[in-house]
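Quick mapping for you: the protein sequence lines, in order, are chains A and B. Just so you know, our numbering puts the end of the first sequence at 101, numbered straight through with nothing missing. Just so you know, our numbering puts the end of the second sequence at 399, numbered straight through with nothing missing.
The hints are simulated quantities; they were obtained by calculation from the structure and are not laboratory data. You may find that some hints are simply not true.
To be verified - In the DMTMM-like style, the derived pairs of lysine to aspartate or glutamate whose C-alpha atoms are separated by at most 25 Å in a straight line are: (1) Lys351(B) x Glu56(A); (2) Lys30(A) x Glu97(B); (3) Lys340(B) x Glu33(A); (4) Lys274(B) x Glu97(B); (5) Lys10(A) x Asp197(B); (6) Lys351(B) x Glu87(A).
Quick caveat: nothing in here was measured; it's all calculated off a predicted structure.
Residue-level listing of the chains:
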Amino acid sequence: MIFQALQLHKDDNVATMIVEGEAGQVIAVKTPEDSLSLALVSRVPYCHKAALHPIEAGEIIVKYGKPIGRATKAIPAGAHVHVANIEGMRGRGDLARGGGC
Amino acid sequence: MEFYGYPRPQDQFGVRNHVLVIPTSRCNIAATRIAQYVYGTTTVITSGEIGRPSRDRERLGRLLIGLGQNPNTYATIVLGVRRGFGYRELEPYRIAEEIAQAGKPVIVLTVEEAGGLERLVELGIEAARRLVADASKVRRELVPASYLTIGVKCGLSDGTSGIAGNPAFGNATDRLIAAGGTAIFSETVEIIGAEHDLAARCVDPRDAARLLEMAAEVENAAKMTGEDIRTINPLPSNIAAGISTLEEKSLGAVAKAGTMPIQGVLEYACRPKKRGLHFMDGWMSSFSLPMSLAAAGCQVTIYQLGGEDLPSNDPPMMATNTSVVAPLMMITGNPRTEAKAPRSIDFSSGKIITGEWSVSQAGEELLQKIISVASGELVKGETIRYTDPLEPFFLGPVF
Numbered sequence: 001m002i003f004q005a006l007q008l009h010k011d012d013n014v015a016t017m018i019v020e021g022e023a024g025q026v027i028a029v030k031t032p033e034d035s036l037s038l039a040l041v042s043r044v045p046y047c048h049k050a051a052l053h054p055i056e057a058g059e060i061i062v063k064y065g066k067p068i069g070r071a072t073k074a075i076p077a078g079a080h081v082h083v084a085n086i087e088g089m090r091g092r093g094d095l096a097r098g099g100g101c
Numbered sequence: 001m002e003f004y005g006y007p008r009p010q011d012q013f014g015v016r017n018h019v020l021v022i023p024t025s026r027c028n029i030a031a032t033r034i035a036q037y038v039y040g041t042t043t044v045i046t047s048g049e050i051g052r053p054s055r056d057r058e059r060l061g062r063l064l065i066g067l068g069q070n071p072n073t074y075a076t077i078v079l080g081v082r083r084g085f086g087y088r089e090l091e092p093y094r095i096a097e098e099i100a101q102a103g104k105p106v107i108v109l110t111v112e113e114a115g116g117l118e119r120l121v122e123l124g125i126e127a128a129r130r131l132v133a134d135a136s137k138v139r140r141e142l143v144p145a146s147y148l149t150i151g152v153k154c155g156l157s158d159g160t161s162g163i164a165g166n167p168a169f170g171n172a173t174d175r176l177i178a179a180g181g182t183a184i185f186s187e188t189v190e191i192i193g194a195e196h197d198l199a200a201r202c203v204d205p206r207d208a209a210r211l212l213e214m215a216a217e218v219e220n221a222a223k224m225t226g227e228d229i230r231t232i233n234p235l236p237s238n239i240a241a242g243i244s245t246l247e248e249k250s251l252g253a254v255a256k257a258g259t260m261p262i263q264g265v266l267e268y269a270c271r272p273k274k275r276g277l278h279f280m281d282g283w284m285s286s287f288s289l290p291m292s293l294a295a296a297g298c299q300v301t302i303y304q305l306g307g308e309d310l311p312s313n314d315p316p317m318m319a320t321n322t323s324v325v326a327p328l329m330m331i332t333g334n335p336r337t338e339a340k341a342p343r344s345i346d347f348s349s350g351k352i353i354t355g356e357w358s359v360s361q362a363g364e365e366l367l368q369k370i371i372s373v374a375s376g377e378l379v380k381g382e383t384i385r386y387t388d389p390l391e392p393f394f395l396g397p398v399f
């Protein structure tokens, strides 16, 4: 079977594209034990991530079975998951800045 | 598993046979001239120690001493202004005495004793020509892979790095360590998000504590900038290639550490005291880390490249010969990077992405390639005589 994306761990809510993905395309995702199909709702470039199911704002994004960040807005299944809709939780100097003058 | 290495004192084996020219204060110009003129030499040109606190001068000293002691170095020429000149940490005779602990030839030449800078260059050329001729008499011997220490940096990470390139390297590392060898990984900022997994793999709880402390120190430094680390690291190239957060980059990056227990956690540019897998505190820059790994004793260094964001035809590589005394192998797990950079890539595990190889097959092939490079096969970067600028991992500030 030919796959267009990989889910790296069974707990992951994102898959990594190994082809260029176009909106409307139905892709085959290789999962650790099986496979699933996913309809892309936006363009998802090679190497980038697609949401495997709907993700709520504030929900943790999981890849490699580990948290890689947090959704800043609701993300529909099949959408591009990237800097426009998720944020990191570590090294956030922008949040650490206090007070000011 | 065996490789052909140059025998050195103290039961060590080099994979190259360099004469290293080390400039201390103000001697970069002389070192550059000597290294350009004499075949078989290499040098390490940095911005030096002026106005730096002692902890950074000590780091620079450790770096230079480590490069001299690396088994790939046959002999070292240390250049200086005069005996006793400058900061104690970089005093030329002190650097030479430390390197000499490895039992190899070390010569000190100073501007004052030579009678001027240009006379120093002449004396340096004379000494270097004699030493490279002596070095050429050393014959490679077949020795077990347990004599090999490799170091890795990953860079220009993309979505393939955590799936193919780094896991393939991790598998090769596991195989080398199973054969009794040693591997060092680093890049402290890029363990943030994965540091607890790594700490749990440390054999010694004191190492686990130090590793967590290193990660906390660099995260605190990031917070002090007042910026989201994501605007600094991951780099714009990482983000363009699908990496969204530092945690995502880190979790992909640590796959290069394989699955073996961590035998030691090393301070910057310090050599392992045991065999097996080690973590070293270090700055991820390709202008800094490769030589720092060489200073920690790595005979072969590896740059594991994602590269999706590179331009499509013969892109510039992100580091050229920045390991000073060690070959710097360019490897990738991205089949598209392999296709666009055939003049630069030494090995590709891209067949993992296309489904033709398992990670284990890629690791086995990669280790064979590393062994071949250790036995004398030149990496692509070594076929050109150019070195990018070099910068030690300084903590600052400067005064």
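Hint-by-hint comparison with the structure:
no.	hint	in the structure
1	Lys351(B) x Glu56(A)	violated, 35 Å
2	Lys30(A) x Glu97(B)	violated, 58 Å
3	Lys340(B) x Glu33(A)	violated, 33 Å
4	Lys274(B) x Glu97(B)	holds, 24 Å
5	Lys10(A) x Asp197(B)	holds, 18 Å
6	Lys351(B) x Glu87(A)	violated, 31 Å
Checked against the numbered hints above, the structure breaks hints 1, 2, 3 and 6 and satisfies the rest.
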